[in-house]
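There are 2 protein chains.
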Amino acid sequence: MNLNEFQTEWMGKFDDYLYSELGNCVPMQESLHEAMAYSLMGGGKRIRPLLVFATLALAGGDVKKGFAPAAALEFIHTYSLIHDDLPAIDNDDYRRGRLTSHKVYGEATAILAGDALLTAAFEMLAESQNLSDSQKIRLIALLAKAAGPNGMIAGQMDDIEGEEKKLTIEELMQVHEKKTGALIEFAVSAGCLVADADPHFSGKMQAFAKYLGLGYQIHNDLKDVVLDENETGKKIHHDAEMNKNTYPSILGTKEAMLALNDVIRNAEGCLDELAAEGAFPADERDKIIVLHQFLDYIRI
Amino acid sequence: MNLNEFQTEWMGKFDDYLYSELGNCVPMQESLHEAMAYSLMGGGKRIRPLLVFATLALAGGDVKKGFAPAAALEFIHTYSLIHDDLPAIDNDDYRRGRLTSHKVYGEATAILAGDALLTAAFEMLAESQNLSDSQKIRLIALLAKAAGPNGMIAGQMDDIEGEEKKLTIEELMQVHEKKTGALIEFAVSAGCLVADADPHFSGKMQAFAKYLGLGYQIHNDLKDVVLDENETGKKIHHDAEMNKNTYPSILGTKEAMLALNDVIRNAEGCLDELAAEGAFPADERDKIIVLHQFLDYIRI
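Residue numbers (the working numbering), protein chains in the order written: chain A, 1 to 300; chain B, 1001 to 1300.
Please note: incorrect hints may appear among the correct ones.
[Said to hold, decoys possible] Restricting the straight-line Cα-Cα distance to at most 20 Å, the calculated cross-link-like pairs of lysine to aspartate or glutamate (EDC-like) are:
1) 1103(B) x 90(A)
2) 1166(B) x 30(A)
3) 1165(B) x 30(A)
4) 103(A) x 1034(B)
5) 103(A) x 1161(B)
6) 204(A) x 161(A)
7) 1064(B) x 1133(B)
8) 223(A) x 272(A)
9) 244(A) x 1161(B)
10) 166(A) x 1030(B)
What the hints contain is simulated information worked out from the structure, not anything from laboratory work.
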């Protein structure tokens, strides 16, 4: 099995689940439902949910039990994009080749749609049918920590403050770890938690997620410099205009490419060690290929 | 015991708890911590937490067990004010006689501080030491429902959309029920839940909360018309300028005053019935006076 097949197997079902959960959360307020759906069903690659499922499958768990945490994670990822795109923050008019939420619905609705997705994420987890109370509580605590003022939001705040000063590469790595890494690490932690994976497996998978998250952000920074607008679906050289601290702006493009390659090699190393140790059920061996292929998202 | 004494007994301890919870959630990002603290510790009357505690006390429960849900509720109430005050929504420069968050810290920080308070509310509940997993899960589900896209946020969205049309009084009541009522009802539900109150007691208290919430909003609408700026701490006649649907704008000031009196009488009726039935431990009888005095907040 490769990532493509894995995606084909799960994404249709998961998208249906996501849309029906949205309907459960917002049956009555039409404008809010429309704005939430526009961003939630707006062509995201669903990398984070897929990562929950692949981790869960590799650990020998039941992928369906990962639907609720994966959906909560996708709700939160989506809210963060809506708020990040607002004029007061990144001021982006396009995302994934479509107008951003506030360009379509206005700022007030975009703010509320983001707030609504964030709140509904926790409702969904608390009300999920397939998890024990103890699993729910641990998932809610982990997700709130990853997305909250010590995780993603701290990274966003650091990012805004960083615009006024030049960061070192170590400082930038910390911003990235919180802003992008925390939710990607949650995906893997959620997969391990739902599968009741042992600590050794979980530890290695978390290390993999750390590299993947970091690589994801370096890749994102580089994309803005080396790819063209058709490929990225959003305005390029936007970071440079905003005077953002990025891997290429601190290290130069060539060194940033090398750093990305290092990160990818380290991530591969984690998976190779797990495979060499046979740290998962033998009939899930093919899922290691699926996980390897997540790194294709961040290659340039 | 009256409300004043009850407040004196609990508010110092609760404010310390609130501030230390904020410290737990945001140890590292200074600007975020400052903006969150500015609004959270900014002189709110803490009506919702007090209502959790008074309900809990009347039911014979341990008030300290109400600290976590009350703090989560206050975090969420505070976030909703920060986002509501934003230029894109209500565009308020003052709140409780002080500059609003975005006037002090800028819009980007205000948006993120609100997001952070909302997220941290759920972290706090999930990590609370004094509640069972089952209580935590039910509280998280209730709070997310009350604050989310079927509760408070739907009400905010209805409110924005209502600016462009004239609502009937029934439609306005529904907006209020969601926008203001839902969180006030949560306060009472949380008190009942933590105290393991019986369904009859909880039902009557919830009816009381419904009237209190509605009265609170009618009072708020009336304040904008009949009180002056020094008393309200914010700009008056703001609603009329924004062309908002309010009780006085639909019914006229006099009828709105009468409606408020009706609501207060109904709320008193709920408490009187509970008292007549002796539906709570005898040595908590004095707490019924405390609850009666919540209605003083909404008298004009």
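Consistency of the hints with the structure:
{"no.": "1", "hint": "1103(B) x 90(A)", "in the structure": "19 Å, holds"}
{"no.": "2", "hint": "1166(B) x 30(A)", "in the structure": "18 Å, holds"}
{"no.": "3", "hint": "1165(B) x 30(A)", "in the structure": "16 Å, holds"}
{"no.": "4", "hint": "103(A) x 1034(B)", "in the structure": "31 Å, violated"}
{"no.": "5", "hint": "103(A) x 1161(B)", "in the structure": "17 Å, holds"}
{"no.": "6", "hint": "204(A) x 161(A)", "in the structure": "33 Å, violated"}
{"no.": "7", "hint": "1064(B) x 1133(B)", "in the structure": "17 Å, holds"}
{"no.": "8", "hint": "223(A) x 272(A)", "in the structure": "28 Å, violated"}
{"no.": "9", "hint": "244(A) x 1161(B)", "in the structure": "37 Å, violated"}
{"no.": "10", "hint": "166(A) x 1030(B)", "in the structure": "18 Å, holds"}
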